[in-house]
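Chains as they are written, first to last, in the working numbering: chain A, 7 to 342; chain B, 7 to 342.
Hints may contain errors.
Pairs count within a copy or across copies, as identical chains cannot be separated in the list.
Claimed, not checked - Only pairs whose alpha carbons sit at most 20 Å apart, straight line, appear in this in silico EDC-like list of lysine to aspartate or glutamate:
| id | residue 1 | residue 2 |
| --- | --- | --- |
| 1 | 335 | 274 |
| 2 | 73 | 150 |
| 3 | 34 | 233 |
| 4 | 335 | 26 |
Please keep in mind that the hints were generated in silico from the structure rather than gathered at the bench.
Protein chains: 2
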Amino acid sequence: MVCKDAIKAFDMKREARLSEIGEGLLLKHILDTLGDSGDLLLPKGDDAAALEFGGRLVMAVDMFVEKTDKPASMGWRYAGYKAVAAVLSDIAAKGAEPRYLLTSLGLRGDMLFGEFEELWSGILECSRDYGVRVLGGDLSETGEVVVDVTCIGVGGNLIPRGGARVGELVAVTGAFGDTGAALHALLNNIEAEEDILMRFLKPRTRLREGRALAETGLVSACIDSSDGLAASLYHIAEASNVAIVVHKLPVSGKAGEYAEEHNLDLKELVLYSGEEYELVFTFSRDGVDRVREALEKVGCGLYVIGEVAEGRGVYLVDEEGGVEDIRFKGFEHFRA
Amino acid sequence: MVCKDAIKAFDMKREARLSEIGEGLLLKHILDTLGDSGDLLLPKGDDAAALEFGGRLVMAVDMFVEKTDKPASMGWRYAGYKAVAAVLSDIAAKGAEPRYLLTSLGLRGDMLFGEFEELWSGILECSRDYGVRVLGGDLSETGEVVVDVTCIGVGGNLIPRGGARVGELVAVTGAFGDTGAALHALLNNIEAEEDILMRFLKPRTRLREGRALAETGLVSACIDSSDGLAASLYHIAEASNVAIVVHKLPVSGKAGEYAEEHNLDLKELVLYSGEEYELVFTFSRDGVDRVREALEKVGCGLYVIGEVAEGRGVYLVDEEGGVEDIRFKGFEHFRA
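Using the sequences and the hints, build the whole thing.
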């Protein structure tokens, strides 16, 4: 909190570094861009955020880290957008409805104010796209940019990871492979179709789909595919003490073209790309029509890719009936 | 989630680096140390945490950053403890009751597992000390350790920063200066009394005091002193559109001794140390007995240090009646 005249006098240039601008003015920029706070029990910018709340509280947090999550050619607006999308996707996978965000920003002193402004506008853009509200947060100085987003929402019928039962079907909400192709293009400065790039840069989250699935009461397990399809299947299988057998990989046509053009292994792209933010879920066979209908009502297809079996592990059955292990290899932090 | 046999077979040595251990085993260590989850609507380790909740939801988040917040000689257990204490202190200042934590950890790949274990045990220790429960979080790899803690609590009568009125008294819950002395000792490898060091390393938060103050219904503005006494007074004054006149600085005796011994400016230590996690608050003069009584019931003294006046800014009146400006200089990120 600094003298208001100083705030007015200071021209926040986009080329100014945060070390020149200081925390007080940054905070002012943030608070000025937050909406009306008439229903809040504490004013914007106070030590905590507060409001009346009743129901099933659902909470998740996701940390976006510059070095790990932001290829150099990814704009800051996309980084902000994606930091929010990532945590919304966790809420989507539980069939819950996100309501509020707290954003804790670790920023570099040598970051340009223009870069920060883009990052912040991406955060707000994604919040608006999904009707969630930024209530507050924290500002810190870090050696690399860290955007930690906490989401608070409400749930009805919540879908766990670990509820899959033997004999059920395994399905997904979309095709896989685009995000790996996009990352390959971004890291190697290869031109790629905008459709593919945007799957990585500005991901769609499956919030309506998650709620539709939860409302059917038929879905026994669900996870979002942020760690990749293979890891998502492993997480469900492990948490449910079952095996999963995949009959048909959900291959994106565009990823197929990209893989052929650039000599990449398409199966790898489909299984191990990650950050698609699709939902991976299980349900009993006799519910397939109702599940399909629920998804179609929100404009999404149902892609059945396999079934739940006794045992453990994740397997792929090819067209000739041959079975192979799908390796567990998702995005695992700390490992090379 | 990795094969359970692999988990058993792997001996998590304290000298092993996180890059050798991997995210899966780290996560297992974290989940194993969380308590019973019988009342949760989603199991531990799922994408989100969920439970029944009704009331006035109060939320705050605070990021602890290795480079800024952890002197090299501060142990990791203290770092974890303090990361939690910092956010609890925000909740305390609003008079609310903290219930749940989400911990988002950014860890270095070259961090030793033993260091991580200490950090985590400090997080759990502070949670236990204040009866709050870690519900979940996120794990990421970062270039420096970042511990971002979100606290979710409930409030009754919440105290804002901006409610101070002209003529009211300004008070604090304790003496200031120890944390600056401790930081001076830690940074310069000077031996200091344990009492002083522990004020910095393992701060007490004023949760009971904050609730007691809120319950009186007499406290008009409150903030915690994490940014230092001067900044706290400025925050209240600015948010309330008033001036604050300090008559008596709340000087810690031990800080006085340390300042004399090491030739430090005691007034600077008292006004600008920060991270004391004391409460700074205002209330009407005729409530002074009731406010004192409420604090005494929870074992805390009331230290009246000044009064709220018309105008703006923060001033110090000395014993001869001379008035001087107290500079605004708290801990401001990004500024040198």
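Going down the list of hints, with the structure as the test:
For the identical chains of this complex, residue 335 and residue 274 are intra-copy neighbours only, at 10 Å inside a copy versus 54 Å across copies, given an alpha-carbon limit of 20 Å. Both within a single protomer and between protomers do residue 73 and residue 150 lie at most 20 Å apart by alpha-carbon distance, with minima of 7 Å and 11 Å respectively. Taking the closest pair of Cα atoms, residue 34 and residue 233 come within 20 Å of each other only across two copies (17 Å); inside a single copy the shortest separation is 36 Å, beyond that limit. Taking identical chains as interchangeable, the C-alpha atoms of residue 335 and residue 26 lie at most 20 Å apart only when they sit on different chains, with a minimum of 15 Å there against 43 Å within one chain.
The structure meets every hint from the earlier list without exception.
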